[in-house]
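*Asks:* The chain contents come next:
There are 2 protein chains.
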Amino acid sequence: MAAERLVVIGGDAAGMSAASQARRLKGPDELSITAFERGHFTSYSACGIPYWVSGDVTERDDLIARTPEEHRARDIDLRTRTEVTEIDVAGRRVRALDRESGERYWTGFDKLVIATGARPVRPDLPGMDAAGVHGVQTLDDGQALLDSLDRTEGRRAVVVGAGYIGVEMAEAMLKRGFEVTVLNRGEQPMATLDPDMGRMVHDAMDGLGITTVNGAAVTAIRTGDDGRVTGVVTDGASYPADIVVLGIGVEPETALAREAGLPLGPHGGLLTDLAMRVQGHENIWAGGDCVEVLDLVAGHTRHIALGTHANKHGQVIGSNVGGGYGTFPGVVGTAVSKVCDLEIARTGLREKDARAVGLRYVTATIESTSRAGYYPDARPMTVKMIAEYRTGRLLGVQIVGREGAGKRVDVAAVALTARMTVEQMTALDLGYAPPFSPVWDPVLVAARKTVSVLRKAGTD
Amino acid sequence: MAAERLVVIGGDAAGMSAASQARRLKGPDELSITAFERGHFTSYSACGIPYWVSGDVTERDDLIARTPEEHRARDIDLRTRTEVTEIDVAGRRVRALDRESGERYWTGFDKLVIATGARPVRPDLPGMDAAGVHGVQTLDDGQALLDSLDRTEGRRAVVVGAGYIGVEMAEAMLKRGFEVTVLNRGEQPMATLDPDMGRMVHDAMDGLGITTVNGAAVTAIRTGDDGRVTGVVTDGASYPADIVVLGIGVEPETALAREAGLPLGPHGGLLTDLAMRVQGHENIWAGGDCVEVLDLVAGHTRHIALGTHANKHGQVIGSNVGGGYGTFPGVVGTAVSKVCDLEIARTGLREKDARAVGLRYVTATIESTSRAGYYPDARPMTVKMIAEYRTGRLLGVQIVGREGAGKRVDVAAVALTARMTVEQMTALDLGYAPPFSPVWDPVLVAARKTVSVLRKAGTD
Chain A
1 MAAERLVVIG GDAAGMSAAS QARRLKGPDE LSITAFERGH FTSYSACGIP
51 YWVSGDVTER DDLIARTPEE HRARDIDLRT RTEVTEIDVA GRRVRALDRE
101 SGERYWTGFD KLVIATGARP VRPDLPGMDA AGVHGVQTLD DGQALLDSLD
151 RTEGRRAVVV GAGYIGVEMA EAMLKRGFEV TVLNRGEQPM ATLDPDMGRM
201 VHDAMDGLGI TTVNGAAVTA IRTGDDGRVT GVVTDGASYP ADIVVLGIGV
251 EPETALAREA GLPLGPHGGL LTDLAMRVQG HENIWAGGDC VEVLDLVAGH
301 TRHIALGTHA NKHGQVIGSN VGGGYGTFPG VVGTAVSKVC DLEIARTGLR
351 EKDARAVGLR YVTATIESTS RAGYYPDARP MTVKMIAEYR TGRLLGVQIV
401 GREGAGKRVD VAAVALTARM TVEQMTALDL GYAPPFSPVW DPVLVAARKT
451 VSVLRKAGTD
Chain B
1 MAAERLVVIG GDAAGMSAAS QARRLKGPDE LSITAFERGH FTSYSACGIP
51 YWVSGDVTER DDLIARTPEE HRARDIDLRT RTEVTEIDVA GRRVRALDRE
101 SGERYWTGFD KLVIATGARP VRPDLPGMDA AGVHGVQTLD DGQALLDSLD
151 RTEGRRAVVV GAGYIGVEMA EAMLKRGFEV TVLNRGEQPM ATLDPDMGRM
201 VHDAMDGLGI TTVNGAAVTA IRTGDDGRVT GVVTDGASYP ADIVVLGIGV
251 EPETALAREA GLPLGPHGGL LTDLAMRVQG HENIWAGGDC VEVLDLVAGH
301 TRHIALGTHA NKHGQVIGSN VGGGYGTFPG VVGTAVSKVC DLEIARTGLR
351 EKDARAVGLR YVTATIESTS RAGYYPDARP MTVKMIAEYR TGRLLGVQIV
401 GREGAGKRVD VAAVALTARM TVEQMTALDL GYAPPFSPVW DPVLVAARKT
451 VSVLRKAGTD
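Order-wise, the sequence lines are chains A and B.
The first sequence runs 1 to 460 under UniProt numbering.
The second sequence runs 1 to 460 under UniProt numbering.
Bear in mind the hints are in silico, worked out from the structure with no lab data behind them.
Please note: incorrect hints may appear among the correct ones.
Same chains, same label: a pair holds when it works inside one copy or across any pair of copies.
To be verified - In silico lysine-lysine, BS3-like type, Cα no more than 30 angstroms apart, as pairs:
id	residue 1	residue 2
1	Lys-175	Lys-352
2	Lys-352	Lys-456
3	Lys-175	Lys-26
4	Lys-449	Lys-175
5	Lys-26	Lys-456
6	Lys-352	Lys-26
7	Lys-449	Lys-352
8	Lys-456	Lys-175
9	Lys-26	Lys-449
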C-alpha cells in the first residue's frame with residue numbers, strides 16, 4: 001500500500017509542529033510529508049524578534065528552533081521559498097509556485113494542514129513603503145530593520161501601535177539608544193487591558209522615557225528627497241522620525257482558504273473543531289495564527305496570534321494526523337509582556353468583553369508587592385480582578401507591575417479554566433515564603449477584595 | 001445587653017488576624033476582645049527570621065506587621081507576657097499568668113480562639129542548652145542568635161536539620177560569612193521532596209559551598225570549659241562548631257488543649273471543622289500552627305506550620321466569630337523556599353505519600369528553563385510531576401531550579417485544587433513571552449511528558 005500523503009502549508013510553529021509530531025507517530029513508509037514555506041526560514045520564534053532587535057538576543061539563528069535541513073533530515077520534504085497559490089479541496093491537491101525558479105506545479109494530498117499564519121496590518125497610507133519604515137512580523141523583517149538601524153544616523157524612532165508588539169518594540173528601540181515616541185490610536189496603550197490599567201502602563205512608559213501619544217491616528221509617512229522616512233503625520237500633529245516601526249497588529253492570512261471556500265469566522269480566521277479540523281472537512285486541519293480559537297470565558301471565537309497556541313495546535317494536529325488523539329479545548333486569553341522592567345499581564349475578559357457577551361460583573365483593584373514587604377527587592381504591582389455578579393465566578397485578571405508581577409497571571413488562567421469563583425480562590429494554597437510572596441499573595445488579596453465587593457453588591 | 005466576650009490565646013498571625021477581623025465586623029459595644037500572648041511581640045513574620053539573621057532584613061521591627069499598641073488602639077485588650085495556663089471548657093474561662101507580676105487570674109469567655117502555635121523540636125541531648133546553640137522559632141530566638149553571632153569569633157556554623165528552616169538558615173549563615181555544615185538525619189535534604197529531587201538540592205547546596213551530611217543523627221553537643229558550644233557529635237562523626245542552629249522542625253503547641261480534653265489528631269494538632277471550630281465545640285475555634293489541616297489530595301489531616309495558612313485561618317475564624325461567614329476547605333501542600341539562588345518548591349503528594357494512601361501513580365521528570373532558551377538569563381529548572389494511574393489526575397509537582405522556578409508551582413497548586421488531569425493541564429493557557437517562559441512553559445512540558453508516560457502505562 002502506498003504511503004498516505006500529508007501536505008502542510010506554512011513552515012513555522014503550527015505547521016512544522018504538526019509535521020514533526022505526525023512524523024514521530026508514523027514513518028515515511030506510512031506517511032509522506034511535504035511542507036511548503038514561502039520564506040527562507042522554518043520553526044522560528046517570531047515573538048523573539050523584538051529581543052533580537054534590542055540586542056538582548058545576538059544571533060538570528062538563536063530564534064530558529066529547527067532549520068529546514070533539520071526537518072529534511074527527519075524525512076519531511078520541506079520546500080522553502082515555495083508558495084502555495086491555490087487549494088483544490090475537491091481535487092485534493094494544492095498548487096505551488098517555486099519563487100526561485102518560477103515553476104508552478106500541483107501536489108496531491110490525502111490530508112492537508114493549513115498553517116498560513118497572520119499578516120501585519122499595514123494601512124494603505126502615503127509613504128508607507130518608504131525606506132526606514134519597518135514591520136517586525138518575520139525574521140526577514142527583523143533583519144531589514146537591523147540593517148536599517150545600521151544605516152541610520154538619526155536617533156528618533158516612532159513606533160506606530162501600542163499593543164504587545166508596539167510596547168516591546170518601544171523597549172527595543174530604547175535599548176538601541178533611540179528617543180522613542182509611540183503613536184497609539186486608542187485611549188490608552190495596551191488595548192488588551194481595561195483603560196484604567198492601560199493608564200498605568202502609559203505612566204510607567206513615561207517614567208522609562210518613552211513618549212506615548214494616545215488618540216493618534218497616523219495619516220501619512222513623510223519622506224525626504226532620498227525617499228527615506230523623515231516623519232509621521234497624524235490627524236493632529238507630526239512627529240519627526242529617522243526610523244518608523246509598525247506594530248499595529250496582525251490579521252489571519254486566509255486568502256487561500258477563502259478562495260478555496262473554507263469556513264472563516266467573524267475575525268477572518270479559519271474555523272476548526274476541537275480536533276483542529278477545518279469545520280466540515282474530515283481531511284483538512286488548520287492551526288496557528290490563521291485560525292480563530294474558542295474563548296472559553298466569552299463563549300465565542302477570537303483571533304489571537306501567539307506562538308504558544310500555534311505550538312499547541314501543531315501538536316494536536318500532528319497527533320490526529322499521525323493516528324493518535326489530541327484536542328485543543330480553547331483559550332482563556334492569557335498574555336504577558338514587558339517594557340523594560342514593567343510587566344503587563346492579562347487573562348480572561350476585560351470589562352467591555354464581559355459587557356459585550358451579556359455578563360454583569362464587579363471589579364476590584366489592589367496594590368501589593370512581589371515579595372514580603374520587608375524583603376529586599378519587593379516590587380510593586382497592581383492587580384485588577386473581574387468576577388461575575390451573583391455567581392462570583394472569576395471572569396478576568398489584569399496585572400501591571402515590576403519584576404515578579406507578570407507570571408502571577410497563570411494562577412488566574414488556571415482558575416478561569418476550572419471556572420472557579422473568587423470565593424474559592426481566596427482559599428488557594430499558593431506558594432509562600434518571604435522571598436517569593438507576601439503572606440497573602442497579590443492574587444489572593446485581589447480575590448478577597450473582589451469577594452468583599454460582591455458582598456456589597458448584594459450577591460452574597 | 002452586655003457585650004459578648006471573645007478570648008484569644010496567642011498573639012501571632014492566626015490569633016491576631018482572628019481578633020482583627022472580628023473587630024472589623026463588631027465594635028466594642030457588641031464584642032469585647034481579650035488576647036493573651038506569652039511573649040513580647042504580636043503579629044510578626046516568623047518566616048522572615050532567617051532573612052533577618054542573614055542581614056537581608058535589617059530591622060527586627062520590619063518583621064512586625066502590627067504591634068501590641070496598634071492592636072490596643074483598635075480596642076483589643078492585648079496582654080503580652082501573659083500566659084494562659086489552663087482552659088476550663090465547661091466553665092467557659094481561661095486561667096492566665098502575668099509573667100511580669102506573677103499574678104494568676106481567671107477570665108471568662110463566650111467565644112474562645114486557640115492559636116497557641118508550634119514549638120520547635122528540641123531533642124533532649126547532652127549540651128543542647130549550651131551557649132551558642134540556637135533555635136529560630138520566635139523573634140526572641142532570632143535576637144539571641146544575632147547577639148551570639150556578634151560574640152562569636154569562630155567562623156564554623158553547624159545547622160541541624162535540612163528542611164525549610166534548615167536550608168534557609170544555611171543560606172543565612174553563609175551570608176554572615178560562616179563556613180556552613182548542615183547535618184541531616186534523612187537520606188537527602190528537603191524531606192518534603194522525593195529523594196531524587198532532594199538529591200538535586202544536595203548537589204546545588206554543594207555548589208554553593210554548603211557541606212551537607214546526610215544520615216547524620218546528632219547524639220550530643222560538645223562544649224568547652226566556658227560552657228560554650230565547640231562541636232556537634234553524630235553517631236558516626238563529630239563536627240567542630242562555633243555556633244549551632246537548630247532547624248529540626250516544629251510540632252503543634254497543644255499541651256493546654258490536651259489538658260482541656262479538646263480533640264487532637266494523629267500529628268498532635270487540634271482538629272477543627274471547615275469553619276475552624278474545634279470539633280464538637282460550638283464556641284471554640286482554633287487556627288494556625290496548633291491545628292491539623294485537611295490535605296485535599298491525600299484525604300487526611302496533616303500538620304503544616306506556615307504563616308500563609310495561619311493568616312487564612314485567622315481570617316476565617318474572625319469572620320465567623322464576628323457574625324460573618326468563612327470556611328477553610330484545606331490545603332494541597334504547597335511550599336516554596338530558596339537557598340541563595342536555588343529555588344525549591346512542591347505541592348501535592350510525594351511518591352511515598354501517594355503509596356501511603358493507596359494511590360497508584362506514574363511520574364515524569366523534565367528539564368526546562370525559566371525563559372525562552374535564547375533569552376538572556378534563562379535559568380534551568382527540573383520539574384517532577386506525579387499523576388494517578390488510570391485517571392491521570394494530577395497528584396503532585398516538585399520543582400528545583402534557579403530564579404523563576406519556585407512560583408511556577410502555583411499553577412500546579414490550582415490544578416490540584418480543581419482536580420485536573422495532566423491531559424487537561426497540557427492545554428492550559430499560561431502566559432507566554434520570551435522573557436517569561438519558553439513557548440511551552442516548564443509545567444506544560446512536564447504535563448505532556450506525564451501524559452506520555454501514562455499512555456505507555458496503558459492507561460490511555
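*Asks:* Now, for every hint given, state plainly whether the structure supports it.
*Replies:* Right, here's what the structure says about each hint:
1. Lys-175 x Lys-352: neither (34 angstroms within a copy, 50 angstroms between copies)
2. Lys-352 x Lys-456: Only inside one copy: Lys-352 and Lys-456 sit 22 angstroms apart there, 46 angstroms across copies, limit 30 angstroms.
3. Lys-175 x Lys-26: Neither, since 46 angstroms and 55 angstroms both go past 30 angstroms.
4. Lys-449 x Lys-175: neither (38 angstroms within a copy, 38 angstroms between copies)
5. Lys-26 x Lys-456: between (59 angstroms within a copy, 17 angstroms between copies)
6. Lys-352 x Lys-26: neither (46 angstroms within a copy, 38 angstroms between copies)
7. Lys-449 x Lys-352: within (21 angstroms within a copy, 38 angstroms between copies)
8. Lys-456 x Lys-175: neither (47 angstroms within a copy, 49 angstroms between copies)
9. Lys-26 x Lys-449: Classified as between; 19 angstroms across copies, 53 angstroms inside a copy.
Violated hints for the displayed structure, listed by number in ascending order: 1, 3, 4, 6 and 8.
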